[in-house]
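Undergrad: As a plain string of letters, each chain reads:
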Amino acid sequence: MANLWRFNGGLHLNEHKELSTHTPLRAAEIPAELVYPLQLRPGIQATPLVKVGERVLRGQCLADSGHGFATPIHASTSGIIKSIENRLVPHPSGLAGECLVLQSDGKDDALAVETCGDFRSLTPESVRHLIRNAGIVGLGGAAFPTAVKLAPKMPQQIDTLIINGAECEPYITCDDSLIRSTPAQIIVGAQILMHALGIWRCLIAVEDTMPQALAALQLAQTEIGDLRIEIIAVPTVYPTGGERQLIKVLTGKETPSGGIPADVGIVCQNAGTAAAVFEAIVNGKALTERIITVTGLGIKSPQNLRVRIGTPIKDLVQQCGGYSAQAQRLIMGGPMMGFALAHDDIAVVKASNCILVTSASEIQSDAPVLPCIRCGECANVCPVQLLPQQLYWHSRSDQVENCKTFNLFDCIECGCCNMVCPSHIPLVQYFRFAKGKLMAKVQDATKTEKAKYRHDVRSLRKQKEDLEKAERAKKKKATLEKMQAKTSLKEGDI
Amino acid sequence: MLIICLLFAVFGLILGYSALRFKVEGNPIVEEINAVLPQTQCGQCGFPGCRPYATAIAAGEADINQCPPGGQDGVIALADLLGVEAKPLNEAFGQPKPKSVAIIIEKDCIGCVKCIQACPVDAILGSAKHAHTVISAECTGCELCLEPCPVDCIIMQPIAQSLDNWRMPEPEQGHG
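Those protein sequence lines, which keep their order, are chains L and H.
No gaps in the numbering here: position 44 of the first sequence is 44 in my numbering, and each next residue is one more.
No gaps in the numbering here: position 16 of the second sequence is 16 in my numbering, and each next residue is one more.
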């Protein structure tokens, strides 16, 4: 057993994981209509590569952008492109965005794929290229492009790959069920990722409350027999599954404020991502499905489903027996970090790991918000060692600038502070608000800078034009005078 | 005594030389004030653009609360920069409005190029007798193009909330 460390704070939460782990993993039905939001990341829009009315096959690329931080979108089944229109997207704003709508034809024909044989014969560049073109992003929830993480700025500094199977948020069991069903794929996926990074050490972390997943991984590991890979059970403390927290627990290293894990020589990938990498490199398949936990007391039979990306939530709920009488609130993601959705006619995306329908008893009490009593509990539980109450004062008093000095942007929005606050202050909401305000300020500043530049250039051009005009007028006057002089001379002759 | 006189002379020469060598062009505070202003060049402050207003503030000829697009945040930023007391925005110069961009109703446009000449940031495209259009991404919402348009075909449209510009709203403050 490896020596493990501890991160600051954290909480032992009621897990509620048993709700969705009873039934075995099964494939969800292919829906009649699949929806793909074209906005890939804030400010990055994908351009559709198909026309309305065109027939597409499973695995065919539907849209892509030239941006380095974005990945292409692929069709999850065969069918006809019905429209490109505004639909509600899974976003805390509840706003609509441009989406590609695919009408399934039920045949599920797939694009012919080329497999590359042994991945060891590929160069790291071509592995990254294949991963990018397969549309693979981090499946833990942040959906950051995997290929970008595999190309660190200082590759020689990287020595460890961490496969994150520590699914710490209550209710969510999609990684657990993935590991139990296909442990070998995750291990081979990890081998491919190590190959792409050119490193020799990999730690696969699962929580100690996932004994079946741990046993499955260990069995697969003995069969594959890769000594570079170590499987570690980590204590179940929320949020161990946070990238930085897991790195701390496994290696004792602190990722610097404002830095990334690569700064301490580590690349962290989710277990689902490793499995997707396996599918892409070994089987040549693009990322078109993922496992999603549909759970909560508001669902009649909670379970894990292998879902085609783009499936509407209402279809998934229906396949899990529908809403129970207790259903109160629809949440995408977990109870700590997820966001509420106002409607179930919204499609799941690559980042969706859980659909949670809570009952009234599961929702945190709507007790009135009371003044902060400065008890400091929030600072005790903060896994990033921030001072939530200081951040709170600055956020709510229009002094968001000061939040920066208290490292607001290191906040991972885990919700531990909300949970322990005796005054029920929605601290994380304040931090999200302050982050948004600061980011808007930065955006405004760039826009102002651009406007200033354009105005200055215009003023210079105007000056030049005026000068040229004056010059021309002068010349004209001179020639005119000359001509006049000539005519008067001629007149004089006469 | 002589040494001291000599030293004076030497230092005098050094100072004289550096005054010429490191001469500062213009007033640096004007640049700093200008950087805080929103660069809409709208002229609502009573000066023909942001830099003239910045120059006037630096010279003490204008107050810091005359810029409606900058809003109260802008007044506070100026007060911070100049080390003076912040004051409420002077509403005689106009009230802050929601951020908007100009839109040309192209079917009404007669192609007179007057708006193109008025735009301080070259955000309007078009040529004589052809419909013009606004590059929304570059438009600062200064409204200077509204006045010269002879057919009133330019309207100001508030920027709609989208996934790109949506920000988490502030939680309700129900306590003290």
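Read the hints as simulated data drawn from the structure, not as lab findings.
Treat the numbers as computed from the prediction; the structure is a model and nothing was measured.
Please note that a few of the clues may not be correct.
Unchecked claim - Restraint ranges, calculated between C-beta atoms of paired labels, are given here:
id: 1; chain 1: L; residue 1: G106; chain 2: H; residue 2: E106; range: 23 to 31 Å
id: 2; chain 1: H; residue 1: Q161; chain 2: L; residue 2: A473; range: 28 to 36 Å
id: 3; chain 1: L; residue 1: G259; chain 2: H; residue 2: D63; range: 39 to 47 Å
id: 4; chain 1: H; residue 1: L13; chain 2: L; residue 2: M154; range: 33 to 41 Å
id: 5; chain 1: L; residue 1: M154; chain 2: H; residue 2: I135; range: 33 to 41 Å
id: 6; chain 1: H; residue 1: E106; chain 2: L; residue 2: A32; range: 25 to 33 Å
Claimed, not checked - Chain L regions said to be covered by chain H (calculated; three or more residues, Cβ under 8 Å):
id: 7; stretch: 3-11
id: 8; stretch: 241-247
id: 9; stretch: 453-461
Glycine is no exception: its CB is placed at the ideal position from the N, C-alpha and C atoms.
Undergrad: If a hint holds in the structure, say so; if it doesn't, say that too.
TA: Taking the hints in turn, this is what the structure says about them:
no. : hint                          : result
1   : L:G106 <-> H:E106: 23 to 31 Å : violated, 45 Å
2   : H:Q161 <-> L:A473: 28 to 36 Å : violated, 51 Å
3   : L:G259 <-> H:D63: 39 to 47 Å  : holds, 44 Å
4   : H:L13 <-> L:M154: 33 to 41 Å  : violated, 52 Å
5   : L:M154 <-> H:I135: 33 to 41 Å : holds, 40 Å
6   : H:E106 <-> L:A32: 25 to 33 Å  : violated, 40 Å
7   : 3-11                          : violated (count 0)
8   : 241-247                       : violated (count 0)
9   : 453-461                       : holds (count 4)
Violation of the numbered hints given earlier is confined to hints 1, 2, 4, 6, 7, 8; the remaining hints are satisfied by the structure.
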